[in-house]
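Make the full structure from the sequences, and use the hints.
2 protein chains.
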Amino acid sequence: MPKIINLGEILKSLKELDPIKAIEDGFVAYSQGKTVVPPVGELIFDDPPGDMHIKYGYIKGDDYYVVKIASGFYENYRLGLPNFDGLMLLFSQKTGQLLAILLDEGYLTNIRTAAAGAVAAKYLAPSSVKAIGIIGAGTQGKVQLEYLRGVINSQEVYVWDINPQAVSDYQEEMNNKGYRVHQASSPSEVAAKANLIVTATPAKEPLLRADDIQPGTHITAVGADTPEKQELEAQILKMADVVVVDSRSQAQNRGEVYQALKAGLLSLDKTRELGEVILNPSLGRAADSQLTVADLTGVAVQDIQIAKAVYENYLK
Amino acid sequence: MPKIINLGEILKSLKELDPIKAIEDGFVAYSQGKTVVPPVGELIFDDPPGDMHIKYGYIKGDDYYVVKIASGFYENYRLGLPNFDGLMLLFSQKTGQLLAILLDEGYLTNIRTAAAGAVAAKYLAPSSVKAIGIIGAGTQGKVQLEYLRGVINSQEVYVWDINPQAVSDYQEEMNNKGYRVHQASSPSEVAAKANLIVTATPAKEPLLRADDIQPGTHITAVGADTPEKQELEAQILKMADVVVVDSRSQAQNRGEVYQALKAGLLSLDKTRELGEVILNPSLGRAADSQLTVADLTGVAVQDIQIAKAVYENYLK
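Going down the list, the protein sequences come from chains A and B. With this note's numbering applied, the first sequence covers 1 to 316. With this note's numbering applied, the second sequence covers 1 to 316.
These aren't lab readings, by the way, just hints derived from the structure by calculation. Heads up, some of the hints might be wrong.
Because identical chains share one entry, a pair is satisfied inside a single copy or across any pair of copies.
In silico DSSO-like links for lysine-lysine, alpha-carbon gap of 30 Å or less [said to hold, decoys possible]:
no.	residue 1	residue 2
1	K316	K238
2	K3	K21
3	K270	K12
4	K262	K204
5	K94	K229
6	K15	K3
7	K3	K316
8	K130	K34
9	K3	K94
10	K15	K316
11	K262	K238
12	K262	K316
13	K193	K122
14	K177	K94
15	K122	K3
16	K204	K34
17	K204	K94
18	K193	K94
19	K316	K193
20	K21	K316
Okay, here's the thing in structure tokens:
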């Protein structure tokens with residue numbers, strides 16, 4: 001019988017483990033070509049509108065393979081249900097046996113994305129972060145800030161969201177966790193006050209303009225994971241001294257880099273994969289005055305690594 | 001929380017339900033173009049050799065969608081483990097929520113294949129079956145016979161397998177279930193004695209020759225599900241008055257029909273889908289003297305239908 005690990009047990013495990021190292025190792029394996037990650041499986045529904053995605057794969061020579069299934073049904077709120085659901089399945093790469101079912105209800109996707117943001121900040125942030133900027137005050141904006149705690153020594157936070165209530169809620173919740181959260185009146189104000197910025201919105205029009213950005217800033221953009229979404233004006237990627245992606249092949253089709261490529265403002269060979277920067281940090285930030293951008297669209301190796309980390313912690 | 005239904009509960013449900021009607025409805029929906037079934041997802045492993053397949057999809061307008069994950073690791077017997085493992089996941093098509101996890105360890109794939117064999121026999125067998133022939137005395141050869149009970153009124157069985165011990169075991173087990181099982185010395189002897197034959201082997205060379213086959217026989221071939229496997233000499237499909245497939249598009253690339261197409265002995269437009277025959281039985285057998293062949297390579301709509309049937313019975 002597989003282990004069946006529910007969300008409560010997953011949350012308990014997450015308090016006991018540091019996913020940042022696991023995610024870092026995953027990016028390295030990915031950039032070294034040691035992962036097998038087939039194209040995403042997909043079902044689309046019209047009535048009511050929804051979608052289901054299957055991401056799966058493995059690191060060669062590892063003990064496991066992982067299948068993640070995630071759904072998004074965008075009218076669920078009418079029924080009082082969450083829009084997202086999902087689970088991860090962990091199998092033995094030696095026998096094919098199902099070892100564990102992680103009933104994470106989509107939560108581990110948030111965590112692995114936040115851990116990737118922390119990895120990007122660890123390698124690309126300027127040496128002194130005066131304040132952290134958060135654009136998008138939803139769940140992802142919260143977990144991004146929490147996972148930065150391990151790598152960035154700043155409690156000053158400027159936050160903006162299109163919904164002012166979300167900003168107030170964010171301020172109250174994160175102040176209770178030891179941050180000093182300031183409400184920003186615009187994305188531009190966030191960029192003026194913070195030199196480490198995380199964008200985590202579903203925006204389809206740029207929120208940050210090139211004119212907003214101070215020298216010496218690092219921006220991690222995690223919101224845009226489709227060809228339609230965009231949080232950064234493409235000119236920002238042209239201005240940047242270093243542009244890092246999680247997956248160069250994926251960046252050709254989605255995210256901020258895709259938008260800049262399409263606008264003719266960037267060439268793909270200027271980009272570095274996060275795994276390449278981890279292996280050779282000299283490919284990252286060379287001076288505190290530089291502008292760096294990390295565009296993270298999410299790769300299945302993160303799912304593999306977070307599922308493994310939770311499972312192995314659970315077995316302890 | 002999803003319902004978690006283990007193999008014991010699944011076996012209990014299977015005793016209480018008739019999957020043949022569910023599978024029949026599935027073939028009809030499939031042939032009417034009412035199903036959405038994306039290409040199969042796949043992972044391949046070298047050391048140890050193994051594979052994992054993801055089959056998934058839904059019937060338009062239905063309440064559910066289903067994801068089936070199945071693995072085959074062919075050296076597991078060395079570890080005293082079954083070669084196969086798997087599970088089925090049932091989701092709501094209205095909300096994307098995970099409703100049930102069916103921990104069937106691959107068993108429901110056997111059942112849905114056996115139920116398809118029964119559907120084929122129901123529509124294609126001659127009016128009087130003097131004896132049932134089984135070629136391949138493994139698990140599939142057993143469940144095929146058991147599911148024929150509902151549609152074919154004969155307890156006389158002739159069985160052959162490459163492994164004589166498997167034939168003896170089959171005889172003992174199935175005699176205890178009320179059949180009169182005779183050991184055949186060759187596939188040819190099976191064809192001489194039986195006018196309803198099921199082939200359920202992993203053979204890569206034909207076991208039944210055109211010269212073996214009596215007029216008025218129906219053959220259901222379920223073993224060949226890849227481009228390499230073949231149980232029937234291709235000439236048999238040329239001789240047949242009616243050739244039925246579960247999926248015409250799949251038959252172009254695998255199974256007995258694929259072999260006959262490749263040999264230039266059959267054209268695809270001669271074949272009928274099982275769903276078409278169910279809707280219009282005049283497309284099937286027209287006389288007791290005809291030779292009919294059903295080539296079943298397995299389609300995801302069967303997985304959808306069996307998972308639904310078990311889940312709905314479990315809820316009762």
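Each hint, compared with the structure:
no.: 1; hint: K316 to K238; verdict: neither (47 Å within a copy, 61 Å between copies)
no.: 2; hint: K3 to K21; verdict: within (24 Å within a copy, 34 Å between copies)
no.: 3; hint: K270 to K12; verdict: neither (41 Å within a copy, 60 Å between copies)
no.: 4; hint: K262 to K204; verdict: within (15 Å within a copy, 50 Å between copies)
no.: 5; hint: K94 to K229; verdict: between (39 Å within a copy, 26 Å between copies)
no.: 6; hint: K15 to K3; verdict: both (19 Å within a copy, 27 Å between copies)
no.: 7; hint: K3 to K316; verdict: both (13 Å within a copy, 26 Å between copies)
no.: 8; hint: K130 to K34; verdict: neither (37 Å within a copy, 58 Å between copies)
no.: 9; hint: K3 to K94; verdict: both (17 Å within a copy, 28 Å between copies)
no.: 10; hint: K15 to K316; verdict: within (14 Å within a copy, 40 Å between copies)
no.: 11; hint: K262 to K238; verdict: within (12 Å within a copy, 55 Å between copies)
no.: 12; hint: K262 to K316; verdict: neither (48 Å within a copy, 55 Å between copies)
no.: 13; hint: K193 to K122; verdict: within (20 Å within a copy, 75 Å between copies)
no.: 14; hint: K177 to K94; verdict: neither (42 Å within a copy, 37 Å between copies)
no.: 15; hint: K122 to K3; verdict: neither (34 Å within a copy, 41 Å between copies)
no.: 16; hint: K204 to K34; verdict: neither (33 Å within a copy, 34 Å between copies)
no.: 17; hint: K204 to K94; verdict: between (43 Å within a copy, 26 Å between copies)
no.: 18; hint: K193 to K94; verdict: neither (51 Å within a copy, 44 Å between copies)
no.: 19; hint: K316 to K193; verdict: neither (43 Å within a copy, 60 Å between copies)
no.: 20; hint: K21 to K316; verdict: within (18 Å within a copy, 47 Å between copies)
Violated hints, in rising order: 1, 3, 8, 12, 14, 15, 16, 18 and 19; the structure is consistent with all others.
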